[in-house]
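Participant: Protein sequences appear in the order of chains A and B. Start counting the first sequence at 0; every next residue gets the next number (numbering that gives the first Met the number 0). Start counting the second sequence at 0; every next residue gets the next number (numbering that gives the first Met the number 0).
The set of hints was computed from the structure by calculation and includes no laboratory data. Treat the hints with care, since some could be wrong.
Said to hold, decoys possible - Under 10 Å between C-beta atoms, here's a sample of chain A residues computed to sit facing chain B: (1) 15; (2) 20; (3) 21; (4) 240; (5) 288.
To be verified - For lysine to any residue, the following SDA-like pairs were computed, each having C-alpha atoms within a straight-line distance of at most 25 Å: (6) A:10 <-> B:109; (7) A:10 <-> B:124; (8) A:163 <-> B:66; (9) A:10 <-> B:117; (10) A:10 <-> B:163.
Using N, Cα and C, we set each Cβ at its ideal position, and we do this for glycine too.
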Amino acid sequence: MTSGVLNLVLKRLAIAVVTLMIVLFAVFFATSMLPGDTASILLGQAATPEAVAGLREAMHLNDPAILRFLRWLFGLLHGDLGTSYANEMPVAALIGGRFVNTMELAGITTLLSVPLALTLGITAAMLRGSLYDRTVTVLSIGVISVPEFMVATLAVLLFAVYLKWLPALSSVNEAHTLTDLVRIYAMPVITLTFVISAQMIRMTRAAVIETLSTPYVEMALLKGASRSRMVLKHALPNALGPIVNAVALSLSYLVGGVIIVETIFNYPGIAKLMVDAVATRDLPLIQSCAMIFCLGYLLLITVADIIAIMSNPRIR
Amino acid sequence: MTRVAASGRSFLGHSYNLVGIVASLVILVWMLIAIFAPTIIPHSIGDIVDDDYFGPMRQGLWLGSDYLGRDMLSRVLMGARYTVGISLAAVAIACFSGVMLGMTAAVIGGWVDTCLSRFLDAMNSIPSKLFGLVVVAAVGSSIPALILTLAVIYIPGAYRFARALAVNINTMDFMTVARVRGESTAYLIGSEILPNIIRPVLADFGLRFVFIVLLLSGLSFLGLGLQPPLADWGALVRENIGGLPFAAPAVIIPSLAIASLTISVNLLIDNLPQKIRDRDA
């Protein structure tokens with residue numbers, strides 16, 4: 000790796016850190032604007048003004064926003080996510096198990112969708128213009144053009160209502176056997192896989208098609224290489240950078256996807272926790288959840304950018 | 000990102016084709032419905048007209064009834080008003096502000112450009128659904144608040160797109176000539192740059208409209224968008240989600256309405272007469 004690439008990568012990482020700070024700031028101030036006074040919400044309508052004032056004092060709600068932000072940031076650096084307003088539990092404890100659930104969902108989806116999307120994207124590019132290619136293209140455009148909840152409802156209609164393979168809306172608490180587990184994960188994973196794969200197929204297909212139109216691939220064709228040899232030996236190694244970039248970028252769509260999917264299937268992950276926290280105006284919880292999502296998203300797009308930098312031979 | 004990868008055999012570049020015409024007709028019909036909804040709905044949207052809930056499609060109740068036995072056709076037609084209206088207002092604000100800022104940044108350059116770009120890029124790296132969730136929770140779900148929230152979320156994207164185009168135009172000779180003539184920044188933006196980037200900007204407008212329709216529907220579906228008794232298409236899916244196990248039309252039709260609008264806009268953009276710069280490039 001030359002110093003040029005190193006510089007670009009370091010610059011990209013620095014930008015990511017600056018972005019993270021701005022995002023944290025934005026999240027903190029957006030949540031500070033939440034309507035209603037937290038202290039009076041917590042104590043209920045029967046609370047005396049003195050009690051509310053006392054609680055406000057105890058929770059440092061009277062301090063200026065910037066002081067609260069710095070205190071929150073300082074706590075974050077020490078791994079202290081704060082205490083939930085709604086049930087007085089440490090946020091870290093609330094998030095812990097949920098985080099594992101969401102990562103499981105995201106992990107299984109990634110394991111399924113990456114091979115599926117790469118296979119479909121590459122074969123569609125190889126058979127460009129064929130009926131197969133057009134079917135894959137039209138289907139992926141269709142999935143991208145509709146909201147995630149529509150993909151979810153269609154999946155429920157197909158697999159639960161017409162085919163009756165899976166229960167429509169499952170609850171995770173009743174998981175005892177392996178079959179139960181499969182049933183619980185099946186619908187959310189199927190929905191997310193559709194949403195993520197559609198993006199990935201389109202980007203992969205575009206990347207391979209671009210490589211296939213380069214002079215050296217034409218050369219391979221002219222010297223008599225078979226179509227599959229041409230793609231697998233000549234085009235794919237060169238398209239690898241853009242493809243990995245496409246995978247990382249598509250995976251960042253998981254962030255939006257899980258919010259809808261966890262809500263519709265009542266899946267106990269962080270996204271569901273956050274939607275509930277928004278309803279109860281539980282600031283520390285919202286801030287921590289939003290931060291985790293932004294962090295994950297930022298990580299993925301930074302990785303995608305760095306891969307794009309490293310895979311560009313003109314820079315390397 | 001939502002461009003159709005035109006499959007090599009270029010129907011792009013030909014002036015009119017069937018797909019484009021059908022797509023524009025669908026969009027036109029939804030626009031007309033959005034404008035005239037109150038006068039064409041067969042029942043008032045609040046009236047309970049069916050004895051049963053999640054009724055099937057039949058004469059008189061052409062799209063069945065919802066979870067309270069209200070007429071689904073009327074509710075979908077009125078939903079068009081909110082979904083199309085709010086999204087159009089939001090996309091107009093987002094594109095106007097984004098494009099203006101983008102052109103200004105490109106023309107002025109220097110630290111104004113750097114600061115603005117850094118800041119808006121940072122805003123761009125907040126996932127849009129998360130952004131919407133937090134901001135809507137903070138400022139509420141009134142229609143003006145929703146419009147502004149959606150607009151703010153998509154300003155960075157519009158800015159980035161317009162700035163990239165304007166930076167290219169900015170290096171042209173006629174810009175140097177205009178600068179030497181001593182033209183004002185406003186003139187440079189309005190008379191030299193804008194006419195040269197207006198077509199891709201309009202295509203971008205369409206794409207951003209689709210994103211906003213999808214985000215608004217998503218927020219409403221989560222219960223954070225339009226609040227009852229008002230209902231856009233996303234909210235209609237949410238309130239009728241209980242009909243899913245019986246495949247009630249009440250839960251399927253609003254989804255189809257969203258899909259018909261977003262897919263049509265995508266198809267129309269891809270079949271526009273002029274070959275328009277790929278926004279991914």
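Participant: Go through the numbered hints given earlier and state which of them the structure violates, listing their numbers in rising order.
Facilitator: Result: hint 4 breaks, nothing else.
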